[in-house]
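Given chain G, work out where chain D should sit, using these hints.
Going line by line, the protein sequences match chains G and D.
So the first sequence is residues 1 to 111, counted in the numbering used here.
So the second sequence is residues 1 to 116, counted in the numbering used here.
Derived from the structure by calculation, the hints contain no laboratory data.
Careful: at least some of the hints might be erroneous.
Stated by the list, open to error - Quick list of in silico lysine-lysine cross-link-like pairs, DSS-like style, CA-CA up to 27 Å:
1) D/Lys73 - G/Lys40
2) G/Lys9 - D/Lys115
3) D/Lys103 - G/Lys36
4) D/Lys103 - G/Lys67
5) G/Lys40 - D/Lys103
6) G/Lys41 - D/Lys73
7) D/Lys73 - G/Lys44
8) D/Lys103 - D/Lys16
9) D/Lys3 - G/Lys41
10) G/Lys22 - D/Lys103
11) G/Lys40 - G/Lys22
12) G/Lys9 - D/Lys103
13) D/Lys70 - G/Lys44
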Amino acid sequence: DTAVSQTPKYLVTQMGNDKSIKCEQNLGHDTMYWYKQDSKKFLKIMFSYNNKELIINETVPNRFSPKSPDKAHLNLHINSLELGDSAVYFCASSPASDTQYFGPGTRLTVL
Amino acid sequence: AQKITQTQPGMFVQEKEAVTLDCTYDTSDQSYGLFWYKQPSSGEMIFLIYQGSYDEQNATEGRYSLNFQKARKSANLVISASQLGDSAMYFCAMREGGTGGFKTIFGAGTRLFVKA
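Only chain D is shown next, with the shape it has when bound in the complex:
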């Protein structure tokens, strides 16, 4: 079964508008972490934002915020005021595990296209 689900293979957004990229996860761990990474066409993986399972407040980093709804097991990424440079693949990831090693599992990604 998929542990991280990103249901939007592709998304379009107009420059300067906000966009939400969906992510749902599945775990039985009480302690876990949720991440978003950006992969532009140049190929590098860029860390954007992190949310711990015990964090009560939604994480924010500049124009990025993570809409964490624990009961629904969702961790959507909100990008405000989209810029052309935001066009990229976006991956949601979950870190779970403990003794025996922490493992990070990635979703299939959402490709975001920002239109001028």
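Extracted from the complex, chain G is given alone in its bound form:
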């Protein structure tokens, strides 16, 4: 029984396309996150949602739009994909300020 799941695991697409990554957690956590890990393995927070409300937005281009339909889901939609968006995107969840548990990651490749 997967705690934090993401789909798809791999995403290969052309520049300019729009794509979505889905995330679901079955841990009952209140807070969910999106992180971007670049080719040098640097992990940076993008967004954080608490009970469906956006609480952290780390100056991410507005081509990235997170959506939380309910507490268990946090999806990431990316418009007009650029080469620099190629990275691994991780979803995570945590109870309030506690330990974050990560999904398996989605490797996005923009050609």
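For chain D alone, kept in the frame of chain G given last:
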């Protein structure tokens, strides 16, 4: 300025020996949390250990222990009896903040190689 510093980009350790991965942090918060995560070559991020800023005892989880020195702002990870499966990237992270949201900041990581 870097909030989490991991000065060792790569480390080698002989199987069955202990290894210490360094982490220093910078915060003005009184309440914060420190974490270590492991990322094997398969890519997933695995939570290893947590230390709260008010915890007086060093955290331990099996073969992992966190050497917390608050005055020096260091939170080193000690892995005892290294195993081949410990070869991975290790990330130190700090959670700070309060109203407006808790934010977790990650260090650049240390790649650990365990030699047979």
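Checked hints:
As the CA atoms of D/Lys73 and G/Lys40 are separated by approximately 25 Å, the hinted pair is consistent with the 27 Å bound. In summary, the hint linking G/Lys9 to D/Lys115 is not supported, as the alpha carbons are separated by about 31 Å, beyond the 27 Å threshold. Restraint check for D/Lys103 and G/Lys36: the C-alpha separation of about 14 Å stays at or below 27 Å, so the hint holds. In summary, the hint linking D/Lys103 to G/Lys67 is supported, as the alpha carbons are separated by about 19 Å, within the 27 Å threshold.
For the given pair, G/Lys40 sits about 21 Å from D/Lys103 by alpha-carbon distance, which is consistent with the 27 Å threshold. Note on G/Lys41 and D/Lys73: the hinted pairing holds, with a Cα-Cα distance of about 24 Å set against a maximum of 27 Å. About 21 Å separates the Cα atoms of D/Lys73 and G/Lys44, which keeps this hinted pair within 27 Å; it holds. As the CA atoms of D/Lys103 and D/Lys16 are separated by approximately 36 Å, the hinted pair breaks the 27 Å bound.
Our distance criterion of 27 Å between C-alpha atoms is met by D/Lys3 and G/Lys41, whose separation comes to about 17 Å. Distance check on the hinted pair: G/Lys22 and D/Lys103 sit about 22 Å apart at the alpha-carbon level, within 27 Å; holds. Of the supplied pair hints, the one linking G/Lys40 and G/Lys22 holds, its CA atoms being roughly 24 Å apart against a limit of 27 Å. At most 27 Å may separate the alpha-carbon atoms for a hinted pair to count; G/Lys9 and D/Lys103 meet this at roughly 25 Å.
As the CA atoms of D/Lys70 and G/Lys44 are separated by approximately 25 Å, the hinted pair is consistent with the 27 Å bound.
Hint check: violations occur at hints 2, 8; the rest are consistent with the structure.
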